[in-house]
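Here's the letter readout for the chains.
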Amino acid sequence: MPGSSHTEWMQNVAHVAGADLSLIQGGTGRPLLVLHEELGHPGWLRWHAALAQSHTLHIPLHPGFGVSPRVPWISSVRDLAGFYSRMLRDMGLSAVDVIGFSLGGWIAAEMAANCAEQFRRMVLVAPVGIRPPDGDIMDLFALTTRAYLDTSVYDPAQTPEFPVLYGGEATAEQFEVWEEARAEVCRLAWQPYMYNPSLSPLLEGVSGLPTLVVWGREDRIVPAGAGRSYNRSILGSELTTFEGCGHRPEIEKAEEFINRMQNFLT
Amino acid sequence: MHIMIFTERPYYHVPEDEIIKNASYFGISNTHFDPVKGSALYNEYFDEALYAEEQGFDGVMLNEHHGTPFSMGAVMDVEAAVLARITKRLKIVLMGNPLPVADPIRLAEELAMIDLISGGRLVPGWVRGSGTESLHQNANPAFNRERFNEAHDLVIKTWTTPGPFRYEGKHYHYRHVNPWVLPLQKPHPPIWIPGVSSPETAIWCAKHRYPYLALASFLEPTAEIWNLYADVAAQEGYQAGPENFGYLQRVAVAETEEKAQEMGKGHMYGGGIHAFARPEWQFPSGYNSRESTRRLARIFTDPPFNPATSASEVEATRRRIYAGYQTQQDNGQIILGTPDSIIPKIRNILETLRPGIFSIWHHHGPVGHADRMTSLRLLGQEVLPAMRETAEELGLSGPYECEPGSRPLPASGLRDPVIGATAPTR
Chain A
75 MPGSSHTEWM QNVAHVAGAD LSLIQGGTGR PLLVLHEELG HPGWLRWHAA LAQSHTLHIP
135 LHPGFGVSPR VPWISSVRDL AGFYSRMLRD MGLSAVDVIG FSLGGWIAAE MAANCAEQFR
195 RMVLVAPVGI RPPDGDIMDL FALTTRAYLD TSVYDPAQTP EFPVLYGGEA TAEQFEVWEE
255 ARAEVCRLAW QPYMYNPSLS PLLEGVSGLP TLVVWGREDR IVPAGAGRSY NRSILGSELT
315 TFEGCGHRPE IEKAEEFINR MQNFLT
Chain B
811 MHIMIFTERP YYHVPEDEII KNASYFGISN THFDPVKGSA LYNEYFDEAL YAEEQGFDGV
871 MLNEHHGTPF SMGAVMDVEA AVLARITKRL KIVLMGNPLP VADPIRLAEE LAMIDLISGG
931 RLVPGWVRGS GTESLHQNAN PAFNRERFNE AHDLVIKTWT TPGPFRYEGK HYHYRHVNPW
991 VLPLQKPHPP IWIPGVSSPE TAIWCAKHRY PYLALASFLE PTAEIWNLYA DVAAQEGYQA
1051 GPENFGYLQR VAVAETEEKA QEMGKGHMYG GGIHAFARPE WQFPSGYNSR ESTRRLARIF
1111 TDPPFNPATS ASEVEATRRR IYAGYQTQQD NGQIILGTPD SIIPKIRNIL ETLRPGIFSI
1171 WHHHGPVGHA DRMTSLRLLG QEVLPAMRET AEELGLSGPY ECEPGSRPLP ASGLRDPVIG
1231 ATAPTR
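Those protein sequences? They're chains A and B, same order as listed. Basically the working numbering = 1-based index in the first sequence + 74. Basically the working numbering = 1-based index in the second sequence + 810.
Calculated from the structure, these hints are not laboratory results. Hints may contain errors.
Distance ranges between label pairs, derived from CB positions [as the list claims (entries may be wrong)]: (1) A/248 <-> B/1176: 36 to 46 Å; (2) A/229 <-> B/1122: 27 to 37 Å; (3) A/189 <-> B/888: 51 to 61 Å.
Derived contacts from chain B toward chain A, CB cut-off under 8 Å, selection only [unchecked claim]: (4) 952; (5) 1103; (6) 1104; (7) 1110; (8) 1114.
A virtual CB, placed ideally from N, CA and C, is assigned to each residue, including glycine.
Using the sequences and the accompanying hints, generate a full structural model.
The structure is reproduced here in structure tokens:
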């Protein structure tokens, strides 16, 4: 993985609800659950390394996304959220910090809506899951993976980690993992596309969970209005918007992102 | 041998530049659809099917595609119902209903009605549909094959199990299954399945003893797929024969070679079948198995055509499309000429593949009604008699001469060859 040595993390397999689940684990300190985006875990990035100084990162590789095998009874994002709640119980982790990106943000929000007490602090980075008040969530299934990736950042030239991770021709293996991930997202979120009408009303019942919602002003994947909807739904949440930034603040504004996370997750 | 006529019923009034600019027939705005022209075309295509019956064809093959000028067969069953009433003898062969996007109970009713109206001349055929069908109907592509299998089983059950019954499946749920109209043909109409060389489909067909119709694939992979089918048939305890196999061939036939050359270009229009849809629409997420995805990886990174924005790009793409015309003739993807020149070429396919069903895709692109009628006349009067003679000589029995799946295996238990002695060269 670029920018980091493998000594910082390990890939392990846990058994959850009768299924094998691969996890990337690394770092030291308070547990931090990281829920990855719709195209899979993008690799160990600068922000992972920075937060691993003070947190033990647990990054489950979603079932059916090309690494962990599919779990046949998971047929919605809410099912997947329930699966991860069970994982936390099985691993003896309670009141963990959580950070979810895009699809992973939706999973975290579903978990919080069901049982906010399983989290200490929650960060949602450009989450899907709530229908934006204006505009639509960009349709992953109408685009090639390449086009979707290119749409996801505002200025690739100013995003050093973007070409490292996603530049050049995709290898056959990379292509297959993307396709596996897309197919599983298709099973989970084809219709309605990438949102759950019952999420917002259920989130309104959540209180006492410090929540940070992070958005890029120029996000072309999920219109920034959805961030305001999340902010309104979760009592006491904060909304941070980065300027000149698309759907991936963690690599587009890596420095500011890391600072913000370190402050919020202390 | 069962010989049928086929056309995509193209809406060919869209300027070629629009297809090239879009790098795909699918996705062109329907502002390019002129209903007056559409109305005329549907009726011409019906007239041509009637004429095909007069000219001695055994069947008319229809297909279904949504949201594309490539084919006007958006609701194929509507066309089939009309043909059921206006034709007298032709088998109405549907290749086929995209099962994963259908309501299986309604489909069972539609097909039963067509079978009844036609007096038992319906041959239903079912497909997974191109990914574009899934997009058009918003049917989840990741469940395409599961839905195909479940819908198939449910339609057959609906036709053969006394109602009412309750159905609780994975993708389909019905409280009360009891359609009043049931097919005339018993236990149900014969089913043929078209395919484009997917091993999964061939294996599935062989297990169900359904004839498998290869859609204009190259002869070599077609032979491989038919051998796979025959192997599975042998495991199932029967000998596959010509009645288990069909082949679709693109042709262009005219009074002169020059005219046929001009007509055949229609198969290349806008990129032809290679411009049916962009890869992300044709093979959406989850539509293919992991193995097929691996095979297709190159198409995604290197699609046959890309959207053209400038006039010079459009011209460059057009040149590239038509530069392939001669190759398609050389490799047999398009057979064209006068009847005398195409008869030996078709005979070569019959000798090589030994199909019992043959479908002639006789025009595409901007080919006018008069030329299409001439094509039907020449095919009927000159090509069909020659093909029937060859079929007789080679023992190519169709599914109406020999029930598919009824041949016993040789006493040795080892199956006989199904492909001709001449190895396919393309």
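Right, here's what the structure says about each hint:
Restraint check, residue 248 of chain A to residue 1176 of chain B: a C-beta distance of roughly 42 Å satisfies the suggested window 36 to 46 Å. Taking the beta carbon of each, residue 229 of chain A and residue 1122 of chain B are about 30 Å apart, inside 27 to 37 Å as hinted. Checked against the hint of 51 to 61 Å, the C-beta distance between residue 189 of chain A and residue 888 of chain B comes to roughly 52 Å, which is consistent with it. The restraint placing residue 952 of chain B at the interface with chain A holds, with a minimum CB-CB distance near 4 Å, inside the 8 Å limit.
For the restraint placing residue 1103 of chain B at the interface with chain A, the shortest Cβ-Cβ distance is roughly 5 Å, inside the 8 Å limit, so the hint holds. Restraint check, residue 1104 of chain B versus chain A: the minimum CB separation of about 6 Å is within 8 Å; hint holds. Of the supplied interface hints, the one on residue 1110 of chain B holds, with its beta-carbon coming within about 6 Å of a beta-carbon of chain A, less than 8 Å. Proximity of residue 1114 of chain B to chain A is violated relative to the hint, the smallest CB-CB distance being about 14 Å (cut-off 8 Å).
Violated hint for the displayed structure: number 8, the only one.
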